[in-house]
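**Q** The residues making up each chain are set out below.
2 protein chains.
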Amino acid sequence: MPALRPQAVAARLKAVFLDVGNTLVRDVGFTRKLAEKISTALHIVAGLRVDQESVLEAWAELNEWAEDDVELWDFARVMLLARKLGLTPSVKLAELLYAAVLEAYLEGFEVEPAAPKVVQELKEMGLRVGLLTNVGSYDVVKLRVQKAGMLDHLEVVVASQAFSWRKPSRRIFEVACFLAGVEPKEALHVGDDPQADIAGAKAAGLRAVQVLKYAPEKSPLADAWIYSIEELPGVVREIMSS
Amino acid sequence: MPALRPQAVAARLKAVFLDVGNTLVRDVGFTRKLAEKISTALHIVAGLRVDQESVLEAWAELNEWAEDDVELWDFARVMLLARKLGLTPSVKLAELLYAAVLEAYLEGFEVEPAAPKVVQELKEMGLRVGLLTNVGSYDVVKLRVQKAGMLDHLEVVVASQAFSWRKPSRRIFEVACFLAGVEPKEALHVGDDPQADIAGAKAAGLRAVQVLKYAPEKSPLADAWIYSIEELPGVVREIMSS
Numbered sequence: 001m002p003a004l005r006p007q008a009v010a011a012r013l014k015a016v017f018l019d020v021g022n023t024l025v026r027d028v029g030f031t032r033k034l035a036e037k038i039s040t041a042l043h044i045v046a047g048l049r050v051d052q053e054s055v056l057e058a059w060a061e062l063n064e065w066a067e068d069d070v071e072l073w074d075f076a077r078v079m080l081l082a083r084k085l086g087l088t089p090s091v092k093l094a095e096l097l098y099a100a101v102l103e104a105y106l107e108g109f110e111v112e113p114a115a116p117k118v119v120q121e122l123k124e125m126g127l128r129v130g131l132l133t134n135v136g137s138y139d140v141v142k143l144r145v146q147k148a149g150m151l152d153h154l155e156v157v158v159a160s161q162a163f164s165w166r167k168p169s170r171r172i173f174e175v176a177c178f179l180a181g182v183e184p185k186e187a188l189h190v191g192d193d194p195q196a197d198i199a200g201a202k203a204a205g206l207r208a209v210q211v212l213k214y215a216p217e218k219s220p221l222a223d224a225w226i227y228s229i230e231e232l233p234g235v236v237r238e239i240m241s242s
Numbered sequence: 001m002p003a004l005r006p007q008a009v010a011a012r013l014k015a016v017f018l019d020v021g022n023t024l025v026r027d028v029g030f031t032r033k034l035a036e037k038i039s040t041a042l043h044i045v046a047g048l049r050v051d052q053e054s055v056l057e058a059w060a061e062l063n064e065w066a067e068d069d070v071e072l073w074d075f076a077r078v079m080l081l082a083r084k085l086g087l088t089p090s091v092k093l094a095e096l097l098y099a100a101v102l103e104a105y106l107e108g109f110e111v112e113p114a115a116p117k118v119v120q121e122l123k124e125m126g127l128r129v130g131l132l133t134n135v136g137s138y139d140v141v142k143l144r145v146q147k148a149g150m151l152d153h154l155e156v157v158v159a160s161q162a163f164s165w166r167k168p169s170r171r172i173f174e175v176a177c178f179l180a181g182v183e184p185k186e187a188l189h190v191g192d193d194p195q196a197d198i199a200g201a202k203a204a205g206l207r208a209v210q211v212l213k214y215a216p217e218k219s220p221l222a223d224a225w226i227y228s229i230e231e232l233p234g235v236v237r238e239i240m241s242s
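Those protein sequence lines, which keep their order, are chains A and B. Here the first sequence is numbered in this note's numbering, starting from 1 and rising by one per residue. Here the second sequence is numbered in this note's numbering, starting from 1 and rising by one per residue.
Keep in mind the hints are simulated off the structure, nothing from the lab. Note that the structure is a prediction, hence the values are computed from the model and not measured. Treat the hints loosely; a few may be bogus.
Since copy identity is lost for identical chains, a pair holds within one copy or between any two.
[Stated by the list, open to error] Restricting the straight-line Cα-Cα distance to at most 20 Å, the calculated cross-link-like pairs of lysine to aspartate or glutamate (EDC-like) are:
id, residue 1, residue 2
1, Lys213, Asp27
2, Lys84, Glu174
3, Lys14, Asp152
4, Lys142, Glu95
5, Lys84, Glu183
6, Lys123, Glu230
7, Lys84, Glu57
8, Lys14, Asp223
9, Lys92, Asp152
10, Lys84, Glu186
11, Lys147, Glu112
Pulled out of the complex, with its shape left as it was, chain A reads as follows:
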């Protein structure tokens, strides 16, 4: 009797989780937009002139308040930023700065043209499709999903800010599986980042496909690699029939 190949004993695939940044959307100048929007908001709202480079420096320094594996909400970030620049981070000021950050996200990233069709195809294959993303604001993912017409096709939207934990933390993968009603071995995670997306998913017991288009490096841990998201349905079909 021949030994079973690993593929033959793999559990049936029931759910696919998609990363957002550099997987479903591509960066078209987020950092520049962020600096521009915050700098403008500070000027209009608070009469403060802070050049864009200083905004980005102060923004980067806020990471000293962040913890490994725990997401810091952008709304908290803008309060910390205001104080760093000598302003009182009142509710009103924080809300205006937060709106600037959301705008920067929405203008600074573009949905990959194939994304909505890919989500729909995966659904038609009988899979539960969700988003699983590290992000400073759930709001931005929700707005993005709505704008791209994907809202009704997604079973779950798991944004790190909503749960606090970040990928590669095992807990955020466990949350996503629980919410989709599947076991980790029945789920596939799709993303670009070798650590957060691939190593994280594999360590939590999910399968993982790496999208290489904007990936910093290829992960040897992935179950499959694709260049871009439009190749996903084909690879998923192969995984399902193997």
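We have chain A already, so just place chain B on it with the hints.
**A** Leaving out everything else, chain B in the frame of chain A:
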């Protein structure tokens, strides 16, 4: 030369942080409202009949997903709740359940009649006044503050959900002081809970006043005790002149 009394070396008081639950607001049946609103929402939105006791049981069980010192956002809670009850926690369902939770908070607690006046008096004494509260949703604090007309009088609103850390964690007290632009020794925290409010504040280097009206027990660590929030300006005046 006489030894300096501790009071004489205490730093000048510059900021006062107020706890919300059982300090600025009192519970007028939150748990019952929560069960009622969620049960109704589940019936209307998802056609699911879940009695109020079962809602509360499921809600309490969600704490297994929470971590010590880290707040779990109510929006995450309602997604977990939906799945626990066998529903797909889509964005739309989660938002409707979240709205039910916010309503329960707003109807289930009442602002202490003296609260807005107390905040104004403290401001007039030249103090920076902020809120520092453990809460599952920043949104509810913001709505509450607006409704009570206190929005313009508050320098900062520090809700645990926005920063992830919860009282008595030292980090949330440090955040509040940083945002208000003061040192811990220049700040006073006012709250009911012996652990979260009093032990937490003192461990972080702040002064602490305990409000006893709804407190589970008196803390020996407090610098002063008041029965109700309307006594606060008087006690703060004493602390400032000592």
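**Q** Take the hints in turn and mark each one as holding or not.
**A** Hint-by-hint comparison with the structure:
no., hint, verdict
1, Lys213 with Asp27, "within (12 Å within a copy, 54 Å between copies)"
2, Lys84 with Glu174, "between (36 Å within a copy, 14 Å between copies)"
3, Lys14 with Asp152, "within (18 Å within a copy, 51 Å between copies)"
4, Lys142 with Glu95, "both (18 Å within a copy, 11 Å between copies)"
5, Lys84 with Glu183, "between (44 Å within a copy, 14 Å between copies)"
6, Lys123 with Glu230, "within (14 Å within a copy, 58 Å between copies)"
7, Lys84 with Glu57, "within (11 Å within a copy, 43 Å between copies)"
8, Lys14 with Asp223, "within (16 Å within a copy, 58 Å between copies)"
9, Lys92 with Asp152, "between (33 Å within a copy, 8 Å between copies)"
10, Lys84 with Glu186, "between (46 Å within a copy, 19 Å between copies)"
11, Lys147 with Glu112, "within (13 Å within a copy, 42 Å between copies)"
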